[in-house]
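*Asks:* Sequence:
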Amino acid sequence: MLHGYFSFAFSCLIIVIVFEGFLTTCTEYCTSPTHLVQTSTDSRILFRFILPSVSSQSDLEEFNEELELKQRGIAQLHEREKTLTAAFQASLGKENKFEEFLTKVFKKKIKRIKIEEQTGSEEEEEDSDEDDDWDDDYDEGTEDGGAALDDNHCPPGCEPELFENTLQLRERRLDLEELLIEEKKSAEVLKKECDTLVKKEKSMKTSRKAAEDDLELINREKQQKMNELDVVVPLRLHQIKFVLNGLVPSDLSPALVLGMTELDRLQKRIKQLHAEKSQQKDLYCEARKHHVRLVHDRRVMDANIEVLEKNCKELMMLKFGRLVNLETLQALSGNRMLEELKQQKFLRELADAKEIKHWDMKVEEAHRALMEVTRCNTELLLRMTNLLDQKKELENKLNARQKKMGRQFQDNRRRADQEEIRRLVGRVKTQSQQAEALRREIGLLSRQGGQVLPPGRAPLPPLAPLPTLRGHTHTRLLSRQGGCILPPGPPPLTPLSATPTPANKD
Numbered sequence: 001m002l003h004g005y006f007s008f009a010f011s012c013l014i015i016v017i018v019f020e021g022f023l024t025t026c027t028e029y030c031t032s033p034t035h036l037v038q039t040s041t042d043s044r045i046l047f048r049f050i051l052p053s054v055s056s057q058s059d060l061e062e063f064n065e066e067l068e069l070k071q072r073g074i075a076q077l078h079e080r081e082k083t084l085t086a087a088f089q090a091s092l093g094k095e096n097k098f099e100e101f102l103t104k105v106f107k108k109k110i111k112r113i114k115i116e117e118q119t120g121s122e123e124e125e126e127d128s129d130e131d132d133d134w135d136d137d138y139d140e141g142t143e144d145g146g147a148a149l150d151d152n153h154c155p156p157g158c159e160p161e162l163f164e165n166t167l168q169l170r171e172r173r174l175d176l177e178e179l180l181i182e183e184k185k186s187a188e189v190l191k192k193e194c195d196t197l198v199k200k201e202k203s204m205k206t207s208r209k210a211a212e213d214d215l216e217l218i219n220r221e222k223q224q225k226m227n228e229l230d231v232v233v234p235l236r237l238h239q240i241k242f243v244l245n246g247l248v249p250s251d252l253s254p255a256l257v258l259g260m261t262e263l264d265r266l267q268k269r270i271k272q273l274h275a276e277k278s279q280q281k282d283l284y285c286e287a288r289k290h291h292v293r294l295v296h297d298r299r300v301m302d303a304n305i306e307v308l309e310k311n312c313k314e315l316m317m318l319k320f321g322r323l324v325n326l327e328t329l330q331a332l333s334g335n336r337m338l339e340e341l342k343q344q345k346f347l348r349e350l351a352d353a354k355e356i357k358h359w360d361m362k363v364e365e366a367h368r369a370l371m372e373v374t375r376c377n378t379e380l381l382l383r384m385t386n387l388l389d390q391k392k393e394l395e396n397k398l399n400a401r402q403k404k405m406g407r408q409f410q411d412n413r414r415r416a417d418q419e420e421i422r423r424l425v426g427r428v429k430t431q432s433q434q435a436e437a438l439r440r441e442i443g444l445l446s447r448q449g450g451q452v453l454p455p456g457r458a459p460l461p462p463l464a465p466l467p468t469l470r471g472h473t474h475t476r477l478l479s480r481q482g483g484c485i486l487p488p489g490p491p492p493l494t495p496l497s498a499t500p501t502p503a504n505k506d
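Residues in the sequence shown are numbered consecutively from 1, following the UniProt record's numbering.
Hints were generated in silico from the structure; no laboratory data involved.
Predicted, not measured: the structure shown is a model, and the values here were computed from it.
Hints are supplied without guarantee of correctness; some may be wrong.
Derived DEER-like restraints, expressed as beta-carbon distance ranges [stated by the list, open to error]:
hint, residue 1, residue 2, range
1, Gln344, Leu382, 49 to 59 angstroms
2, Gln57, Arg299, 38 to 48 angstroms
3, Arg299, Leu347, 46 to 56 angstroms
4, Val324, Asn96, 15 to 25 angstroms
5, Arg299, Arg265, 47 to 57 angstroms
6, Gln89, Pro160, 15 to 25 angstroms
7, Thr85, Gln344, 36 to 46 angstroms
8, Leu237, Arg265, 45 to 55 angstroms
9, Gln89, Gln344, 18 to 28 angstroms
Each residue gets a CB set at the ideal place from its N, CA and C atoms; glycine is no exception.
The task is simple: from the sequences and hints, build the whole structure.
*Replies:* The structure is reproduced here in structure tokens:
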């Protein structure tokens, strides 16, 4: 037991030492500035090239789709031009003496003046195609043995309907040529943009490839460093599955150490791969059967097409005497009324476009007028707001001034009232003193039996009524001694005569 304990401790010590060496090596490698800077730089470079590459690929796909659509449109315009030329040749018929003249009229190159906008006016001018000059290639075109013919008028002997039809076909040819030129220009622009994107994508792919190679080299170096580490793994005998002839080999370097969960996962994956392989075999058998069936159906369809083409050619020979292009036949068999309606539709579209442009100009003018009116109204609103602010400010100032004046008026009124009160209080005191003197005098006279003035004293002045500030105040003086009521404002006393009045007899 002691021996097992020491062996276990020794194994743990070895594992700890090896693990410390592993950590030291990883730390030295990861903390190396060269590896860190290089790894982070390459990662940033790689991510910097991934996103623009994806966006450029999406743009390139969009441009390629648009270019394909433009090429299809150009091919359709070429087919329509060929069909139109074939329709013109068919309308001429055989042995037409005006064939050369009508061909020159049909192929005549004229300058079509576009509608131009004149500054300062709403009118637009357009010139008729019939007033233009011949092209240089057809300046010397005359009929054999005759004078030069005017393409603006139908020559004598030529059918007017044929001449009008030639002019209409020429207009359609010129429209197709203009559309073809525009489509070619737009296709050329798209092609240049596609070429630019392709060059940019190639350069980005090259840079991305270099960044990926650098990153792969760094990962390989890291893996090599990790593989150089020796790790001790303690195993039991029942865990070793790598045996030769029932014995464990002395050299375990080719052996691989896996966990039980990983081993179970790999065994389950083997079973899954067997099931997927059987499914793929079944799918392959079904696809092969479907391919054989499609090949057989294609052969049957090819045979049917050959039979139908043979019948079509026989019917053409029976009806027309020669092989005819179906598209040309369809163009010729169309109703003249339909062609006229198409021409009217084209002219109506031009007139509608002109009228729409005219109304667009009117709408633009109305929009400008609306903007001007809005600007004026905004200025008026700003002025009104300023005036309202000034009015409010003046009202506040006026209210403040009125409050200040009212306060001053109240202060002056209060001060005047106080002065009046003091004056009246003094007068009341004076009158009280006079009344008291009168009472004493009356009492003295009533005891002596006559009116006797005190020596060296003048008669008292009459008492004036007491004014009041707010309301009326009545003052009554009662003389309890004489049994009389004195009014507030008694009349002045009569002067005492020198003759004494007789005393009352009891």
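*Asks:* Against the structure, test the hints numbered earlier, and report the numbers of the ones violated in rising order.
*Replies:* 7, 8
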